[in-house]
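Novice: Chains A and B are the protein sequences, given in the same order.
Quick note on numbering that gives the first Met the number 0: the first sequence kicks off at 0 and runs consecutively.
Quick note on numbering that gives the first Met the number 0: the second sequence kicks off at 0 and runs consecutively.
By construction, these hints were calculated from the structure, which means they are not laboratory data.
Positions of the beta carbon are idealized from the N, C-alpha and C atoms, including for glycine.
Fair warning: there could be bad hints in the mix.
Claimed, not checked - Straight-line distance between alpha carbons at most 20 Å, and here's what the computed SDA-like set of lysine to any residue pairs gives:
{"#": "1", "chain 1": "B", "residue 1": "K348", "chain 2": "A", "residue 2": "Y39"}
{"#": "2", "chain 1": "B", "residue 1": "K216", "chain 2": "A", "residue 2": "A28"}
{"#": "3", "chain 1": "B", "residue 1": "K216", "chain 2": "A", "residue 2": "Y39"}
{"#": "4", "chain 1": "B", "residue 1": "K216", "chain 2": "A", "residue 2": "R15"}
{"#": "5", "chain 1": "B", "residue 1": "K27", "chain 2": "B", "residue 2": "T13"}
{"#": "6", "chain 1": "B", "residue 1": "K348", "chain 2": "A", "residue 2": "A28"}
{"#": "7", "chain 1": "B", "residue 1": "K225", "chain 2": "B", "residue 2": "A518"}
{"#": "8", "chain 1": "B", "residue 1": "K216", "chain 2": "A", "residue 2": "W33"}
{"#": "9", "chain 1": "B", "residue 1": "K113", "chain 2": "B", "residue 2": "V124"}
{"#": "10", "chain 1": "B", "residue 1": "K216", "chain 2": "A", "residue 2": "L34"}
{"#": "11", "chain 1": "B", "residue 1": "K348", "chain 2": "A", "residue 2": "A37"}
As the list claims (entries may be wrong) - Across the chosen pairs, the derived CB separations fall in these ranges:
{"#": "12", "chain 1": "B", "residue 1": "R37", "chain 2": "A", "residue 2": "L34", "range": "25 to 33 Å"}
{"#": "13", "chain 1": "B", "residue 1": "T221", "chain 2": "A", "residue 2": "L34", "range": "16 to 24 Å"}
{"#": "14", "chain 1": "A", "residue 1": "L34", "chain 2": "B", "residue 2": "V191", "range": "49 to 57 Å"}
{"#": "15", "chain 1": "B", "residue 1": "A341", "chain 2": "A", "residue 2": "W33", "range": "23 to 31 Å"}
{"#": "16", "chain 1": "B", "residue 1": "A341", "chain 2": "A", "residue 2": "A37", "range": "17 to 25 Å"}
{"#": "17", "chain 1": "A", "residue 1": "I23", "chain 2": "B", "residue 2": "V151", "range": "18 to 26 Å"}
{"#": "18", "chain 1": "B", "residue 1": "E28", "chain 2": "A", "residue 2": "A37", "range": "51 to 59 Å"}
{"#": "19", "chain 1": "B", "residue 1": "A297", "chain 2": "A", "residue 2": "A37", "range": "27 to 35 Å"}
{"#": "20", "chain 1": "A", "residue 1": "A37", "chain 2": "B", "residue 2": "V124", "range": "40 to 48 Å"}
{"#": "21", "chain 1": "B", "residue 1": "S148", "chain 2": "A", "residue 2": "I23", "range": "47 to 55 Å"}
{"#": "22", "chain 1": "A", "residue 1": "A37", "chain 2": "B", "residue 2": "R21", "range": "47 to 55 Å"}
{"#": "23", "chain 1": "B", "residue 1": "E28", "chain 2": "A", "residue 2": "L34", "range": "29 to 37 Å"}
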Amino acid sequence: MDPSEDTPPADRSMFRRTLVRVMIVQVVALALLWLLQARYGG
Amino acid sequence: MGTINWIIVLAYLTYVVVDGVRRSKGTKEIEGYFLANRSLPWWAVGLSVMATQLSAVTMIGTTGQGATDGIRFVQFYFGLPLAMVILGVTLVPFLHGAKVFTAYEYLERRFDPKTRSLTAFLFLVLRALSCGTILAAPAVVFSAMFHWSLPVSVAIIGIPTVIYTMVGGVQAVTWADVKQMVLIVGALVAVVVVLLVKMPVHPGAALHIAGATGRLKAFDFTFTLKEDYTFWSGILGGTFLMLSYFGTDQSQVQRYLTARSVNEARSSLLISAYWKIPLQALILLVGVLVFVFYQFEAPPLLFNPAQEAKVEAARGAEYTALQQRYADAFADREAAARALAAAVDPQAKATAEAAFQTREAEVGSIRTDALDMVTEVTGESSKDVNYIMPRFVLDQLPVGLSGLFIAAVMAAAMSSIAAELNSLSTVSVIDLYRRWIRPEASDHHFLTVSKIATAVWGFLACFVATYAARLGSLIEVVNLFGSFFYGSILGVFLLAMIKSARPVGAFFGLIAGMTAVGAVAHFAPEVTFLWYNVIGALVVVGVGMALSWMVPQRSARA
């Protein structure tokens, strides 16, 4: 069974867009934590 | 705790049970009971996934960890977003597309019945014990805080959970999870607001005080196998752990099998990818802010009132003297904290920071003496860290809000326990009872057996909770025991996605993976548990593929 055969192209494209958004949110979250450490971490 | 607070807690418990029973009306067959007929929206499934992972330990233990150790624990979750994305393109389409009830059912289709049965059996043992310990953690804390007996404490959380899970099935579990998640986040945000309002210094100064003690250090780039929480153990070990937990543990897999489509199942997991790190950082920051708050408000020497009473009874004079030293050290530290908050230029700040660190070390040393006294008197580890947040909530939060927070702790416990009971019932009925004992029985029969199984697992969890709490260290043993198997089970699912992998490779690869992890734990105990998942998964895939290549050649010769 190849799951990619059951996934329509629109779904795959939506997933890719969501993936990019997830990664952006993670980078922002890690950057904020880094900022907190750099500014107040001593 | 006050009548209004108890009314809030009671109202919450009643609502969860009544709503769960109401949800049972649409559950007439086994697919509805276990998978909600694969009809749930992605956002509800996603919140259920998060609620299942967020237990009462997170609400009381992790906030306490934030207060004593800072936010470095957040690194544990650094691999989670990546794991969710990997699962979204690998296991989720396989499992959802296969229209199975359990992850282990898929393994029989791909490999053989014995691989399915072994993984299902491991899941049942691990989850039954872990369900008991998840229930035990808040029950022990409530027992000490409210002077309830432990069985009563276990029953107050356990019985409503068993009722709504048994009657309502996965529909009740998921929709209760959604509301419980809202309650948990709402309570955490409310606590942050109260902390900021009651803090006598501005937020920037509060962060400077926390930072001076190293509590805002979120990143540790040291590469070592001996430290639990570093950037690398989070990214590498954490990714494998999260892949194992979200990809192969039925308590999580069952959440997204209820989604309407593969795409909705993927999207539900991405909610955790979006929010887990920010939420975990918030939970730890709550603890850090509680630490700063207690720079200006005298904290108890021991946060656990039950243990404090025992120490006072056994060594009253010695404890009173220690309390006096603590009060003096606190006064000095408070003055140092205020000086640090008021310092403006860098030179004054550095001097004030050094003075504050000295005072903080003195306070810490006296608390260590008190904790040692607890160990000597009671003969058990104090675990005082788990009582910091409950004590703060009961002593410092306004009426109504403390009731809301206690209800949120119960919600966190119940959401995790309910999902685990539901999945334990599913695996025992689908992978064992229907597979080996009564394959031809009617749907109505399986539905009845499923409800009975949920009740049996629920009462077993209550029993384990009472027993585990008395043993204390069993909780750590169970967590360690779990990490022996997680990576190896993930390895079997990774093999399932490799076309040339054979059943013999999967079964013996699994055994080899568990053996390898056991050997590492025995001969190299300094290696921390996060790496067990990497070792287990890689050994299973390596041994599994080697056997898969060897066995067909032998068969061909024969």
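Novice: Are the hints correct? Go through all of them and say.
Specialist: Each hint tested on the structure:
A hinted pair counts as satisfied when its Cα atoms are at most 20 Å apart, and K348 (chain B) with Y39 (chain A) qualifies at roughly 12 Å. Restraint check for K216 (chain B) and A28 (chain A): the C-alpha separation of about 14 Å stays at or below 20 Å, so the hint holds. Of the supplied pair hints, the one linking K216 (chain B) and Y39 (chain A) holds, its CA atoms being roughly 9 Å apart against a limit of 20 Å. Taking the CA atoms of K216 (chain B) and R15 (chain A), the gap is about 33 Å. The hint is violated against a cut of 20 Å.
Annotation: proposed proximity of K27 (chain B) to T13 (chain B) is violated, straight-line Cα distance about 24 Å (limit 20 Å). Our distance criterion of 20 Å between C-alpha atoms is broken by K348 (chain B) and A28 (chain A), whose separation comes to about 28 Å. Between K225 (chain B) and A518 (chain B), the direct Cα distance comes to roughly 16 Å. Compliance with the 20 Å bound is thereby established for this hinted pair. Restraint check for K216 (chain B) and W33 (chain A): satisfied, since their Cα atoms lie roughly 8 Å apart, inside the 20 Å limit.
A threshold of 20 Å between alpha carbons decides the hint, and for K113 (chain B) with V124 (chain B) the separation of about 16 Å falls inside it, so the pair holds. With a C-alpha separation of about 10 Å, the suggested pairing of K216 (chain B) with L34 (chain A) holds against the 20 Å cut-off. Between K348 (chain B) and A37 (chain A) the alpha-carbon distance is near 16 Å, which keeps this suggested pair within the 20 Å criterion. Judged by the Cβ atoms, the range 25 to 33 Å given for R37 (chain B) and L34 (chain A) is violated: they are separated by roughly 43 Å.
Between T221 (chain B) and L34 (chain A), the C-beta spacing of about 21 Å keeps the proposed range 16 to 24 Å intact. A hinted range of 49 to 57 Å for the beta carbons of L34 (chain A) and V191 (chain B) is inconsistent with their spacing of about 18 Å. With their beta carbons about 27 Å apart, A341 (chain B) and W33 (chain A) fall inside the hinted range of 23 to 31 Å. A beta carbon spacing of about 23 Å between A341 (chain B) and A37 (chain A) agrees with the range 17 to 25 Å that was offered as a hint.
The given range of 18 to 26 Å is broken by I23 (chain A) and V151 (chain B), whose C-beta atoms sit roughly 48 Å from each other. Remark: the range hint 51 to 59 Å for E28 (chain B) to A37 (chain A) is upheld by a beta-carbon distance near 57 Å. At roughly 32 Å, the beta carbons of A297 (chain B) and A37 (chain A) sit within the given window of 27 to 35 Å. Under the hint 40 to 48 Å, the C-beta atoms of A37 (chain A) and V124 (chain B), about 45 Å apart, fit the expected range.
Range check, S148 (chain B) to I23 (chain A): Cβ separation about 51 Å, and the 47 to 55 Å hint holds. At roughly 51 Å, the beta carbons of A37 (chain A) and R21 (chain B) sit within the given window of 47 to 55 Å. The supplied range of 29 to 37 Å is broken by E28 (chain B) and L34 (chain A), whose beta-carbon atoms lie about 53 Å from each other.
When each numbered hint is compared with the structure, violations occur for hints 4, 5, 6, 12, 14, 17 and 23.
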